[in-house]
Amino acid sequence: MSLNDIVFIALAGITLLAALGVVLSRNIIHSALFLVLTFLGVAGIYFQLNAGFVGLVQIMVYAGAISVLIIFAIMLVMDVEPDQTNLFNQSTPTIMAGGYVSVLLAAGLAGAIWFTKWPLSAVQVGDQGVEKLAGMLLGPYVVSFEVAAILLLVAVFGAILLAKGVEDK
Amino acid sequence: MEHFFVNTAHALVAWLTGLGLAPGWADLILLVVQWIAVIIIVILNITVLIWLERKVSGFIQQRLGPNRLGPFGMFQTIADAIKLLTKEDIVPSQTDRMIFKTAPMVFIIISVMLYVVIPMGDGMEIVDLNVGLFYFISIGSLSTIALLMAGWGSNNKWSLLGGMRSVAQMISYEIPLAFSLLGVVMITGSLRMSDIVAAQSNIWFVVLQPIAFITYFISATAELNRGPFDMPEAEQELTSGAYTEYTGMRWALFFLAEYTNLVAVSALMATVFFGGWQGPWLPSWLWIIIKTYLILNVFFLIKWTFPRIRMDHLMSFSWKFLIPVSLANILLTGAGIEVLMRMGW
Numbered sequence: 001m002s003l004n005d006i007v008f009i010a011l012a013g014i015t016l017l018a019a020l021g022v023v024l025s026r027n028i029i030h031s032a033l034f035l036v037l038t039f040l041g042v043a044g045i046y047f048q049l050n051a052g053f054v055g056l057v058q059i060m061v062y063a064g065a066i067s068v069l070i071i072f073a074i075m076l077v078m079d080v081e082p083d084q085t086n087l088f089n090q091s092t093p094t095i096m097a098g099g100y101v102s103v104l105l106a107a108g109l110a111g112a113i114w115f116t117k118w119p120l121s122a123v124q125v126g127d128q129g130v131e132k133l134a135g136m137l138l139g140p141y142v143v144s145f146e147v148a149a150i151l152l153l154v155a156v157f158g159a160i161l162l163a164k165g166v167e168d169k
Numbered sequence: 001m002e003h004f005f006v007n008t009a010h011a012l013v014a015w016l017t018g019l020g021l022a023p024g025w026a027d028l029i030l031l032v033v034q035w036i037a038v039i040i041i042v043i044l045n046i047t048v049l050i051w052l053e054r055k056v057s058g059f060i061q062q063r064l065g066p067n068r069l070g071p072f073g074m075f076q077t078i079a080d081a082i083k084l085l086t087k088e089d090i091v092p093s094q095t096d097r098m099i100f101k102t103a104p105m106v107f108i109i110i111s112v113m114l115y116v117v118i119p120m121g122d123g124m125e126i127v128d129l130n131v132g133l134f135y136f137i138s139i140g141s142l143s144t145i146a147l148l149m150a151g152w153g154s155n156n157k158w159s160l161l162g163g164m165r166s167v168a169q170m171i172s173y174e175i176p177l178a179f180s181l182l183g184v185v186m187i188t189g190s191l192r193m194s195d196i197v198a199a200q201s202n203i204w205f206v207v208l209q210p211i212a213f214i215t216y217f218i219s220a221t222a223e224l225n226r227g228p229f230d231m232p233e234a235e236q237e238l239t240s241g242a243y244t245e246y247t248g249m250r251w252a253l254f255f256l257a258e259y260t261n262l263v264a265v266s267a268l269m270a271t272v273f274f275g276g277w278q279g280p281w282l283p284s285w286l287w288i289i290i291k292t293y294l295i296l297n298v299f300f301l302i303k304w305t306f307p308r309i310r311m312d313h314l315m316s317f318s319w320k321f322l323i324p325v326s327l328a329n330i331l332l333t334g335a336g337i338e339v340l341m342r343m344g345w
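Chains as they are written, first to last, in this note's numbering: chain A, 1 to 169; chain B, 1 to 345.
No wet-lab data here; the hints were simulated from the structure. Small disclaimer: the values here were computed from a predicted structure and weren't measured. Quick reminder that beta carbons are idealized off the backbone N, C-alpha and C, glycines included. A hint or two may mislead.
[Said to hold, decoys possible] Taking CB as the label site, the calculated pair distances span:
#, chain 1, residue 1, chain 2, residue 2, range
1, B, 18, A, 107, 17 to 27 Å
2, B, 294, A, 135, 32 to 42 Å
3, A, 151, B, 239, 41 to 51 Å
4, A, 137, B, 239, 28 to 38 Å
Let the hints inform the model, and build the full structure from the sequences given.
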């Protein structure tokens, strides 16, 4: 087993265990914190794939910002005892339906990964990943990049408007 | 003296490969050794720093500061450390135990992770990542989680309010922090720390990017929850914010992590704006230490001189002033680079 394999197994193990923690915790705050660990594990896998920039964006956006947002949202709306916020549904039909959907999803994903031909690009990016990415984003794809930015801006304005409400005069 | 540490590292790798170890494993062991060395040096250094801050604050406020233990009270921090280590470890009964216990560990781990990319001399980065500066910002943004964990896990109103305040403050000030560093990145054309240092061989970036330096300094102070922006632990209102319920070594870990962050940010400031390890006569690793210590003293000076400001003032200062200014600085830098390139530089 090479060093690469050991690192991958460790990272994948951490990610999977943390993901299980998200599902199995009875306290929803614990679930949210396990979610942070899941994000960090995925970021580690990006690092191992030599996509350092993507990994860091993952850490900054998901682990650093979105998870804080999730935790804040939970804290603001929580009105029961913390350790009863993420309970299991005990009725058999719901468990059956949930199990069916998750098995189907897992099988579909596994099949898609297994049967897809993954073409290997001959281009070696090496250490220049960020420069290449910047060139692409502000070169051929500049329009879609800017449209995405404007879309986010509109979403932010919409959220503020919804939160504040319109003042009547 | 200049290449003492680099040569030691090379010798270690050569010795390990000589023992019949594969090069990858030898490099891994070197990484671990380097990281442990950095952690030990940083933590030992902090005992000196705490003594220094007490002395500096005493000087500023016209009192003596620690003066009983050893010459100039130098052994005061050591005595404090022994006291904290031997104190009873109290976990209040109503806390969320798992979160309460892990929060200080998470905080200290994140703060030592910052040192991975800081060049501590010529060729003395632990890892010279091609996205080094971005690494520093994004790992730094994780420490909000630790404070949120401490605030929530303590199950105490003051703790939660302090945690919420620090999270709000850190999230707001992360934006001008990152934007102010962008000006430097635009001039260098790289996020790699060694490139940023090399680009300052003729002129320091503090001269080329004065606005960026000032916005960075202010947002770093807020990001570190240091005075005058230390509302998250404002003693008069919140006892000590997120740390209220912590005692003994767990509290000491938070304190240690705050100083670790402070040293890391000062070292980054020296690297990005003050030419890093470059300097005449002395070896490079000594220069970065001198520059870092000078910046640390400015932090001390500001903390002990200015009164604490109000929370809503702090937030509106970030969103309504610092962010527009740092955006304008990016625009100005871009226009400047374009004009200079047209003029044929």
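Tested hints:
no.: 1; hint: B:18 to A:107: 17 to 27 Å; verdict: violated, 52 Å
no.: 2; hint: B:294 to A:135: 32 to 42 Å; verdict: holds, 39 Å
no.: 3; hint: A:151 to B:239: 41 to 51 Å; verdict: holds, 44 Å
no.: 4; hint: A:137 to B:239: 28 to 38 Å; verdict: violated, 47 Å
The structure fails hints 1 and 4 (numbered hints given earlier, in ascending order).
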